[in-house]
Amino acid sequence: MAQYTDRALTEEEMERYSRQMIVPGMGKDAQLRLINSKVLIIGAGGLGCPAAQYIAGAGVGTIGIVDGDVVEISNLHRQVGHSTTRVGMMKVDSLITHLKGLNPLPSYIPHLTHLTPHNAADIISQYDLVLDCTDNPATRYLISDVCVLLEKPLVSAASVQASGQLTVLNCPPVPQGITSILGVTHPLPPCYRCCFPKPPPPSAMTTCGEAGIVGTVVGMMGIAQAGEAIKILAKGHHRADILNDPPHEPTFPPSLLIYSYDLEKGPSSATFRSVRMAGRRKTCFACGDNSPQNLTLEGIQKGTPNYDQFCSLPSAKVTLPMEDRISASTYKDILAGTQSEPEQKILQGILIDTREKEHFSFGAIPGAINVPFGKLLTAAAIAKREKQNGQEGREISKETYERLSSVLPREILDQEEDKKDKESEPPIFVVCRRGHDSQEAVEKLREMGLDRGGKRKIVDIIGGMKAWKEEIDPSFPFI
Amino acid sequence: MSSSKPPKGHFTILYFASAGSFTGKQSEHLAAPLPLRKLFETLEGKYEGMKAHVLDHSLVTINLNYVDMPEPGQEQEEGEKEPVVIKEGDEVAIIPPVSSG
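Protein chains in written order, with full-length UniProt numbering: chain A, 1 to 479; chain B, 1 to 101.
It should be emphasised that the hints constitute simulated quantities derived from the structure, not laboratory data.
Hints should not be assumed to be uniformly reliable.
Sample of chain A residues facing chain B (criterion: CB under 10 Å; computed from the structure) [said to hold, decoys possible]: (1) 47; (2) 132; (3) 134; (4) 159; (5) 198; (6) 211; (7) 222; (8) 265; (9) 274; (10) 275; (11) 276; (12) 277; (13) 311.
In silico negatives: residues of chain B with every beta carbon more than 12 Å from chain A [unchecked claim]: (14) 5; (15) 7; (16) 8; (17) 10; (18) 29; (19) 31; (20) 36; (21) 38; (22) 83; (23) 85; (24) 89.
This one's a predicted model, so the numbers in the text were calculated from it and none came from an experiment.
Virtual Cβ for every residue (Gly too), placed ideally from N, Cα, C.
Starting from the given sequences, assemble the full structure and let the hints guide the process.
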């Protein structure tokens, strides 16, 4: 922990920090605490860039930055600490270049690596407070666990698409395994696992690359994250001994800030909500009563727990057998009527594209019908419910048809009159972005009875539109 | 995310992040009262697969306060505190963790 050293501020510090120092609650002592603090920012991306700018601007004396990636042009709409001229440079170096321009006084420490179970304790131990600005669940659990063990406060923010979350964890730090302190009546501070004991399944994990992200939303969260860090350091809230100071009311009720922004709604509809969280969980794997048996620094370094495995628990993902799948090239041949084995000729049928409508808007295979995956799942749930309500049999009842047609295009549901009694009907092809959702979609369409008891083939295109771009049409605008 | 006042005999439920993408909506009104232990079951009935994809790893709040979800199958034991019931006019939120940045 940074020692508080009493000294006069230099002339440059006086001028540089004057506007924030005169804010009620700040003053000289608070500024000196910032100058004597060491902050670690893990991730130099959409959260880390804005957070680092304000941490540096405010005069935190030592700033470490961890990231193993290089700057890409698709980062720049939100990662405002980089620049077009620095594409290809290590993100850490690029961000430090920017920060030095903003404030040359702090010491900047580059860590040109991803945080791993092997290096985490070594890096984190050098700092007073950690900002989690990373982009995946496995690293989030790792950071939180190491912060519990090293007793470091953690400010955690996250954002995807148009949602943001922010929470202060482990502050002030309480030693691992202690879930109550004599005379302290308020909840002890939680860790990340106390808030989210189970990781999301990989299927629910949406990364910025896959799901998209609004620059201002992630920027807002990064700035708010810096704000909390500055407050904690300036006021000394991270001092563990604060718990022993009478009158035992130093901690703040743990809370989670949620920012919701919606491009589909009118102006002024964005909202902040702060929800009250529970404190340290007695049963928490990392900080609860029996946690010292589960979690140690040595264990983490040796690979226990296994974070990658923990965050890729078996998912409900469907894997179709190969005979129910076709390649992008085969589909192209079907479209062009140039199949190599005409005796096994597959009819053209219908192509369903299950990507989100935003992806679809940039381009699709000619004739494709857009049914976003979520809509398809809704339709499947409707069909299933109807079945449970006594609508037996493979054929779709009239009532179910009406309900489904509010979600699915009629082309998929309708049966051409003249094909009704034929042995086979034109197939349904399903394509998605990369070939995962399409397999589940095939299953769901069959469950809905759209394979007409086996008379109609339903298959997916292996590798999705990504494969279409790679194998068939390099100019296809895939994002 | 703004929510309109629920009609009589209902509560409001808010779907954040992946809960919103899964249900295709940000909020709706459901019939109250509803015991908290029936909440996931009710939602799973409406949105098949939601439990495994969203609910199991989400946190739940009632009127902005975190609530512990009762363990499945865990019947109320004698002397245990009253089971939580979602009341008319309450605001429930389903909050999955967001991991990206």
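Verification of the hints:
1. Because the beta carbon of residue 47(A) sits about 4 Å from the nearest beta carbon in chain B, less than 10 Å, this interface hint is met.
2. Of the supplied interface hints, the one on residue 132(A) holds, with its beta-carbon coming within about 8 Å of a beta-carbon of chain B, less than 10 Å.
3. A cut of 10 Å between beta carbons decides the hint on residue 134(A): the least distance to chain B is about 6 Å, and the hint holds.
4. For residue 159(A), the shortest C-beta to C-beta distance to chain B is roughly 6 Å, which falls under 10 Å, so the interface hint holds.
5. This hint holds: residue 198(A) has a C-beta 4 Å from the nearest C-beta of chain B, less than the 10 Å allowed.
6. Checking residue 211(A) against chain B: minimum C-beta separation of about 7 Å stays under 10 Å; hint holds.
7. For residue 222(A), the interface hint holds, the least distance from its beta-carbon to any beta-carbon of chain B being 8 Å, beneath 10 Å.
8. At a threshold of 10 Å, the smallest CB-CB gap from residue 265(A) to chain B is about 8 Å, leaving the interface hint in force.
9. Because the beta carbon of residue 274(A) sits about 7 Å from the nearest beta carbon in chain B, less than 10 Å, this interface hint is met.
10. The beta carbon of residue 275(A) is positioned within 10 Å of a beta carbon in chain B (closest approach about 5 Å), and the interface hint is therefore held.
11. A distance limit of 10 Å between C-beta atoms decides the matter here; for residue 276(A) the minimum to chain B is near 5 Å, and the interface restraint holds.
12. Taken as an interface hint, residue 277(A) checks out: its beta carbon lies about 5 Å from the nearest beta carbon of chain B, inside 10 Å.
13. The closest approach between the C-beta of residue 311(A) and any C-beta of chain B is roughly 9 Å, which is under the 10 Å cut-off, so the hint is satisfied.
14. Its beta-carbon lying about 16 Å from the closest one in chain A, residue 5(B) satisfies the requirement of being farther than 12 Å from that chain.
15. At the 12 Å boundary, the C-beta of residue 7(B) stays outside the reach of chain A, the nearest C-beta of that chain being 22 Å off.
16. Consistency note on residue 8(B): stated as away from chain A, and its beta-carbon is indeed over 12 Å from all of that chain's, at 25 Å minimum.
17. A cut-off of 12 Å between C-beta atoms confirms that residue 10(B) is not in contact with chain A; the least separation is 20 Å.
18. With a cut of 12 Å on Cβ distances, residue 29(B) stays outside the contact zone with chain A, its closest approach being about 18 Å.
19. No Cβ of chain A approaches the Cβ of residue 31(B) within 12 Å, the least distance being about 17 Å, so the stated non-interface status holds.
20. Listed as a non-interface residue, residue 36(B) keeps its Cβ farther than 12 Å from every Cβ of chain A; the least gap is roughly 15 Å.
21. Its beta-carbon lying about 17 Å from the closest one in chain A, residue 38(B) satisfies the requirement of being farther than 12 Å from that chain.
22. Under the 12 Å C-beta cut-off, the non-interface status given to residue 83(B) relative to chain A holds; the minimum distance is some 17 Å.
23. For residue 85(B), the shortest C-beta to C-beta distance to chain A comes to about 19 Å, beyond the 12 Å cut-off, and the non-interface label holds.
24. Non-interface call for residue 89(B) relative to chain A: holds, since the shortest CB-CB distance, roughly 17 Å, exceeds 12 Å.
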